[in-house]
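For this one, chain A is given, so just place chain B on it according to the hints.
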Amino acid sequence: MKHGKYPLIITFLVPPLLLYGVFVLSPYLQAFQISTTNWLGYSASADYVGMENFANLLRDGAMWNAVKNNAILLALLPVLTIGLGLFFASMLNMGGRRGTAGVVGVRGSGAYKLVYFFPQVLSVVIIALLWKEVYHPNNGLLNATLRGIGLPAPTWLGDPRTAFWAVLAVMVWSNVGFYVVLFGAAMQAIPKDIYEAVMLDGASRWTTLTKVTIPLLWDTVQVAWIYLAIAALDGFILIQQMTDGGPNHSSDVIGLRMYNTAFGSETKFGYASAIGVVMFFLTLSVAVLALRASRRDRIEYS
Amino acid sequence: METPASAPPTVGPDRRPGTGDRPPRRELGVVNVFSHGFLLIWALLTTLPLLWVVVSSFKSDGEILSDPWGLPGALRFENWARAWTEARIGQYFLNSGIVVAGSLTLTMLFGAAAAYVFARYEFRYRQVFYYLFVGGMMFPVFLALVPLFFVVRNAGLFNNWVGLILVYAAYSLPFTVFFMTAFFRTLPTSVAEAALIDGCGHFRLFFRVMLPMAKPGLVSVAIFNFLSQWNQFILPQVLMQGDESKWVLAQGLAALAVSQGYQGDFSGLFAGLTLGMLPVLAVYVLFQRQIQSGLTAGQLK
Chain A
1 MKHGKYPLII TFLVPPLLLY GVFVLSPYLQ AFQISTTNWL GYSASADYVG
51 MENFANLLRD GAMWNAVKNN AILLALLPVL TIGLGLFFAS MLNMGGRRGT
101 AGVVGVRGSG AYKLVYFFPQ VLSVVIIALL WKEVYHPNNG LLNATLRGIG
151 LPAPTWLGDP RTAFWAVLAV MVWSNVGFYV VLFGAAMQAI PKDIYEAVML
201 DGASRWTTLT KVTIPLLWDT VQVAWIYLAI AALDGFILIQ QMTDGGPNHS
251 SDVIGLRMYN TAFGSETKFG YASAIGVVMF FLTLSVAVLA LRASRRDRIE
301 YS
Chain B
1 METPASAPPT VGPDRRPGTG DRPPRRELGV VNVFSHGFLL IWALLTTLPL
51 LWVVVSSFKS DGEILSDPWG LPGALRFENW ARAWTEARIG QYFLNSGIVV
101 AGSLTLTMLF GAAAAYVFAR YEFRYRQVFY YLFVGGMMFP VFLALVPLFF
151 VVRNAGLFNN WVGLILVYAA YSLPFTVFFM TAFFRTLPTS VAEAALIDGC
201 GHFRLFFRVM LPMAKPGLVS VAIFNFLSQW NQFILPQVLM QGDESKWVLA
251 QGLAALAVSQ GYQGDFSGLF AGLTLGMLPV LAVYVLFQRQ IQSGLTAGQL
301 K
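In the order they appear, the protein sequences are chains A and B.
Those letters in the first sequence? Residues 1 to 302, per our numbering, in order.
Those letters in the second sequence? Residues 1 to 301, per our numbering, in order.
Mixed in with the good hints, there may be bad ones.
Covered by chain A, per the in silico footprint, the following chain B stretches (three or more residues, Cβ under 8 angstroms) [unchecked claim]:
no. : region
1   : 223-236
2   : 286-297
Among chain A residues calculated to face chain B with C-beta under 8 angstroms, some are [to be verified]:
no. : residue
3   : Phe12
4   : Ser26
5   : Tyr28
6   : Trp64
7   : Pro119
8   : Leu129
9   : Ala272
10  : Leu284
Calculated from the structure, these hints are not laboratory results.
We put the CB at the ideal spot given by N, CA and C, even for glycine.
Isolated chain A (complex conformation):
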């Protein structure tokens, strides 16, 4: 493989590197530099202010509010999504357990998987707009149902007490299907004879799930956790389209703070970039922590 490999390496590597360098790497690097300036957008001058933006961020109530909401998402989104995902995946793949025939899926599991995956292929914007209508106080599906069975019909997205939770519910709704399929695929890969052995020993369904299935799925759960944690630090599109952070900042998140600071009425590019830097380090630490916390010995079937 020695002769004439350099022409290929250069032709294959230089164009992608250029594209990536110009549109991805250089903006990220510039962002760090811009975050140390007081740049106010298009024409105004940008002066170096050191860590001033970051010091201001520490005193910024709106920012802390957004961080708090992201922290709640970070705590709840992975737990709820993974919990529901595991629950439905085990129902689908092991609900039809039968004697020594081992572990079998329920009838129609293909149809369930088809339907559960729907939100995954839809654009997040469509999901946001769709649920905004479902939550509509007067002519939405949810309140029509609630009124139909004689329950009170709140203004879900217009009430600071419910807006954030309504959006969180949509986040869980749109993610569960994907993880059902993901966990389902991992469950299918577990050798059947493990289950046969466990059943001969008389283990109950619950014991089988918690002592056998979940430990064997741990790698997959760990990956799911990291993806959901990163998703929890974002949440921008759903929030922007459904509530725009309101009412009264009750559903604000860091991404939306940043977007509105940069592209809202005032173009505070320096300050917005500082928010971006904070988000970068938050994402990085969450990813590293999630990796560390869930590290275990890899199980291989042989």
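Same frame as chain A, but now just chain B:
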């Protein structure tokens, strides 16, 4: 292959004395009903909102306002026509198609090429370049937004499909390179060596031997990239702020929601949403196996 709850099991000597404290047959009945109950509830939760949007897209505004659960009095396809032409959903569809066709081609070409080099050749600073690429997966896109806006504007590509195509491709590269490098590594080296000994050049080797062998991986990554580029929202929102006629579908739908909100044209909004989601869902139903396995394999690697 399951037996209904009441029927006797058809297979095998399944109960041995003393191998557990409950008879499997009874458990089967209870658990199946129990499983199906929960599974059906979630299936309804997933489909009802989507169905509701489709049904509402046929209603008149009056019907939408007065009876959210009711069925439309007639199939008013004129709502769809209005959304398609007046709200320009047709135009946005075409725009998204153009942009994604361009960016997906570029992504796959560049991504496969770079990944192949990383996976198969030794050269100086290989690790450095590789981690440089793959590192891009970890960063939140928000951090890059402000400078990216200026990079694109200074390149004269602001409000321009070419700019959007290049940016989509650039931001899809980290994952594509990461996934395809892993994939190329799994391909057997013996075939490549044999081809080289037979006098096959490095370029020919790539296009004639390695790319065809990498097809399953390429398909997975292409599906993943297609969906994420088709559904892209924040990049066009920042880089395609001007000329409405060039917007992509997600932008168009978001704008439709705002304008129909002012006009009270709910039926138009529902029709727009239906038009935005039905084609994607139809393609998904047709290729569900490939899409599900492509996306799950994509996330796991």
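Cross-check of the supplied hints:
{"no.": "1", "hint": "223-236", "result": "holds (count 5)"}
{"no.": "2", "hint": "286-297", "result": "holds (count 6)"}
{"no.": "3", "hint": "Phe12", "result": "4 angstroms, holds"}
{"no.": "4", "hint": "Ser26", "result": "6 angstroms, holds"}
{"no.": "5", "hint": "Tyr28", "result": "5 angstroms, holds"}
{"no.": "6", "hint": "Trp64", "result": "18 angstroms, violated"}
{"no.": "7", "hint": "Pro119", "result": "7 angstroms, holds"}
{"no.": "8", "hint": "Leu129", "result": "5 angstroms, holds"}
{"no.": "9", "hint": "Ala272", "result": "6 angstroms, holds"}
{"no.": "10", "hint": "Leu284", "result": "6 angstroms, holds"}
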